[in-house]
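J.: Chains as they are written, first to last, in the numbering used here: chain A, 200 to 581; chain B, 107 to 455; chain C, 121 to 626.
You can trust all of the hints, since none of them are fake.
A few chain C positions that, by computed beta-carbon distances, are all more than 12 Å from chain B:
hint	residue
1	Gly266
2	Val292
3	Ser433
4	Thr444
5	Thr483
6	Ala506
7	Leu618
8	Gly622
Here are the computed distance ranges between Cβ atoms for each label pair:
hint	chain 1	residue 1	chain 2	residue 2	range
9	A	Arg454	C	Ser382	23 to 31 Å
10	B	Ile282	C	Ala253	47 to 55 Å
11	C	Arg230	B	Ser270	37 to 45 Å
12	A	Gln492	B	Ser270	35 to 43 Å
13	C	Ala253	B	Trp312	26 to 34 Å
14	C	Val341	B	Gly433	54 to 62 Å
15	C	Asp345	B	Trp312	47 to 55 Å
16	C	Pro542	B	Trp312	53 to 61 Å
17	C	Asp197	B	Trp312	21 to 29 Å
Below, simulated BS3-like cross-link-like pairs (lysine-lysine); rule was C-alpha separation at most 30 Å, straight line:
hint	chain 1	residue 1	chain 2	residue 2
18	A	Lys446	C	Lys599
19	C	Lys432	A	Lys446
20	C	Lys624	C	Lys323
21	A	Lys261	A	Lys484
22	A	Lys446	C	Lys510
23	C	Lys624	C	Lys599
24	C	Lys347	C	Lys323
25	A	Lys446	A	Lys431
26	C	Lys347	C	Lys321
27	C	Lys599	C	Lys321
28	C	Lys432	C	Lys599
29	B	Lys446	A	Lys446
30	B	Lys446	A	Lys563
31	C	Lys432	C	Lys624
32	C	Lys510	C	Lys369
33	C	Lys369	C	Lys321
34	B	Lys446	C	Lys196
35	C	Lys323	C	Lys369
36	C	Lys599	C	Lys323
37	C	Lys624	C	Lys321
38	A	Lys431	C	Lys510
Note that these hints are calculated values from the structure, not bench results.
Glycine residues also receive a C-beta, built at the ideal position from the N, C-alpha and C atoms.
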Amino acid sequence: MATASPALPSPGRYRRIFRGLLIPVLALLTALVAGALVMHLSGDNAQDAYIGLFKGAFGSAKGWAATIRKMIPFILTGLSVAVAFKAGLFNIGASGQFVMGTVFSVFIGINFEGLPMAIHLPLAIVFGIVGGALWGAIPGILKVYTGAHEVIVTIMLNYVAALFAGWTVYAGGSQGQTPGPLWDRTAGPISETPDVLASARLPYLFDPSYRIHYGVFIALAAVVFIWWLIYKTTIGFEIRTVGQNMKAARYAGIRVNWTVILTMGIAGGLAGLAGAVETLGLNHKFAPEFGGQVGFDGITIALLGQTHPFGVVLSSLLFGALDAGASKMQFDSRVSADIIQIIQALVLAFVAAPMIIRALYRIKRLPTESESTSLGTSWGGS
Amino acid sequence: MGSTFWKRSSLISIGIALFLVVMAVLVNLTSLSQYTWLRVLFGVSALNFTLRASIPLVLGALSGILCERSGIINIGIEGMMLAGAFAGFVAKTNTNHWPLMSSLIFSVLIALAVGGLMGLLHAILSIRFRMDQIISGTVIIILAAGTSSYLYDRDAIAQGKFSSVAIPGLSDIPVIGPVLFDNPPLTYLALLLVVVVHVALFYTRWGLRTRAVGEHPRAADTVGINVNRYRYVNTSIGGMLAGLAGGYLVLEAVGQFQEGMTAGRGFISLAAMIFGNWNPFGALGAATLFGYTQALQNELLLAGVTNVPRQFISMLPYIVTIVAVSGFVGRVRPPAAEGKVYETEGGTE
Amino acid sequence: MEQIPVLEARNITKRFPGVIANQNVNLTLYRGEILALLGENGAGKSTLMNIIYGLYQPTEGEILVNGKPVQMRSPKDAIALGIGMVHQHFQLVPVMTVVDNVMLGSESVRCAFLNREAAAARITELSERYNMAMDPYALVEDLPVGVRQRVEIIKALYRQADILILDEPTAVLTPQEIEGLFAVMDLLRGQGKSIIFITHKLKEVLRVADRIGVLRRGQVVGEADPKTATQSSLASLMVGREVILEVEKSDAHPGKAVLEISDLRATTDLGDTALAGVSLTVHAGEIVGVAGVQGNGQTELVEVLTGLRTAKSGTIRIGGQGMTNASPRRITEEGQSCHIPEDRHAFGMVDGYPITDNLVLNTYYQSPFARGITVNRPAIEANAAALVEKFDVRTPSVHLSGGSLSGGNQQKMVVAREFSRPIQLLIAAQPTRGIDVGSIEFIHQQIVAKRDEGVAVVLVSSELDEILALSDRIAVMYKGEIIDIVDRDDATREGLGLLMAGVKEA
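Take these sequences, add in the hints, and give me the full structure.
T.: If you want it as structure tokens, here you go:
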């Protein structure tokens, strides 16, 4: 059109942050109200539930400790999904990468007795990152070279990872099958690993009863690193360009295939780091049922955080609190902790479709704001 | 040109299904039956299990085909299935005191209805609210998992499930009879639906318009077809089929509900849809292949294969799915307008 | 004799957010006439037609068909009123057959099933009556562009359209195909159909129209009689000022060979042959135009030359260096070449990125824009400020997204970026497609200036006028081959047209 678009003042920094927070906060509030409605309809007392939830999460030092403790894996898996989103990739495979990270780090953690901590602990963490990164790179490689969509591949790999991890700690069956390589021989028929050696454990901060470990710092360091990587480096420019317009990226001479694989590797590495930190800092051993929900949580956390590393921290705080408060909520109000999952799904729905929130609260869209997060559009080609 | 290959890849998956049937006939009716491993691989029991495992995948793939042929990506099949399964279960446990058949049929209808509602929700989120279709599908999955866990009453028990109905005459054919013509009703229904969807897609006005809407919505719009209406309808019907798949699991295959019982079947259905090149018969063939890997897992364990850890045998269906998707995507052609929001009032000039 | 118009638009105004696309437009169309609607890109022609076809609702004004006011809420209503439209971008489903495409939306049905035989019979009958042969069961994706257009026309006639809107129908045709289209239009007019013919090509208007309406900035700025009007009078009416129809340029002084292509072969994404042995040499200081009907391998040629598509065989040398299947980055760096892509939204820019980042899209990693692996924002911003100024990219701020610019300014942004580094080879594909006349003139001058600096230029265009205006030599592509190369001075429209249709005189 001939007419020039009206001059737009570029919005100030604080205003931009405010606008960025507006939709997620309203989405959260709306989801809580909708969750209350669900509870009400199924005969539960929503008020008691939310009070219990809040008390459980923030009502005591223990509650705060639980919230912070639970934030750690959320931050890392949220970052994992967020980084992939930046390159236009949908990583539903964080749980598989988490599991592989766990297996790899536990392998180091239960072996090599006598290594000094300064070597043993970092080695175990690095192995966790590597395990997750390899598992994340597979769907990247398949996408690039065969066109297989990462959504299907990552999900299938979640199941494969769970089975693989199950095998590593397998106690051996009645049919006399060989037990898995990481199985704790002293555990009898229970399928789990021995405890990680003390030299590979992340130390506790504060009082050990709070069980907050140094993983907090690892998670926060990862946030800053990813922020720097995505927004301040040429690698980040390449990742974002691939995510915005893959053809333009090729035109610009960016090695798109490599960038896709690298991004999936970074995403996998972050999820693997989550698995490593969670095991080396908190659980100290590994049983096969770990890691199930962590991937889907990561998706919601990443989107709620607007796929920005700092946003991920805020949404992890929320998810940590929901998780930490859930058991007290269930105890106090007899509302099933599963309501949390419904609330999370609703948060995701409202965040991913800002149109709903804008329509509900009659907020005008700024021309600089996009309609919604957009991923690839089809299963087809590379 | 392009079209010959398009047919070829769905022929591959149909070929796999035919191969299984032929091998089964050969192995069971000839002297080949003396080889134990052949009996394990192609016995009637393996094929029976294959069909049972394929049915939810076939229904899920048909669900995907209906949505995607109209241009809506549906990765929420897993959630729609789970919702259907749970709804069917709740309906069944609340009607245990009814006569078995009416209780079961009522429960199937509820599963269909709830699946359809989930489909409608997916359509509303992705069309009306322009949510990314992959994320909207994820919302459906999480919502279904959360709601079914939250509402699940662990003490409830469903009494009774669909039992087999032998088709007189046909069920007496050796090998093929017991595999294909002695099944419970939803199995027949699912196989019938493959034919129905195929005919509907390629030989009716509705099918022509659906495909046009999925390939080139603007072309459909310019001849006066309401693009989004077709998408709403198709996605809702697709949801119903996924719900039926869930109903099948609870009311015919297992008889009870377990949390997360769909166990990735919705995603494998998607792979079957892709492998089958968005064609109902192709999807049937692909679903048979994936079902067979599950059957194989079962048969190998029953046959006492212990030198391979059972976890590795259990990986088979998932790995075969990855291989199939890697080998064929890129060479198949998805509906062109898939995943894109269609706006009637397209931009300015 | 006062006749009732078959179609009349009265005081049509259409506003989009921030833009007035049409303002008080009046238009009448009589039975059995061809009305040409002339206007440059963005003048509001398509919006007006979309209103008449029911795709848009006018903000103000009314439409009358056969003297009666009508309300059209969707194309369905327009079709029912006997209005048919052949869109500039064909509205055909490539993977479906002709018969499925034609009957879509007006299907013949027998007992709930499609009756393809009946529809095919009608298509055959129509195609014979209007002299447009086609196979009803052919897949549309297998048909040449000219035939696809006929399918579109049949589609309208199948719905018994009396009023046909042809939106830029000649843009994709060879001169001979254009003659064929005009013959069909004559036939239709003879049978009492009325046609609105939308174009920005002056020659065609004079050749075929009964009356001419000119649109500028959403308003009807004049009517003309094709018997008295001239090309230059129409041009100044269309643009609102005197237009230089010819690009001023001196003779070329070709130097050493910069781009040497030998026996290049490549396929399309679907594996069909796209390039069947292309050989071409382009020297420093000359512009070689690559002409041809779209889809004859030009797109693939550009992609192979710029590293975006793999060559199956053959060689490419740039400045003496072997560049066959080199990466895009190596071709830009070592080959010192730059590329104006034919589809700027797909390749040339990232719509969501600010102008600053779009201007360093392929140099972001070089000094001074990067220091090591960290990006240097101040340098990127200074670069943007300088280029926006130099290349006349009109925007209130370099921080706005590239997608917010008008088409002409987007293209100037792409050109600015590509011309901002030292180059020996310029590959320009459809450099002025869909942009306003002012930007076209600017970009043409820039391309000629580069030639005069000694850059070798490959200009791929489906606009024969652009090829003729800029080129020193013209290579014509047909079915993946360069069927002939002619000097500009020896080239005629007719001769090129025959070559574009694959006819090579001995």
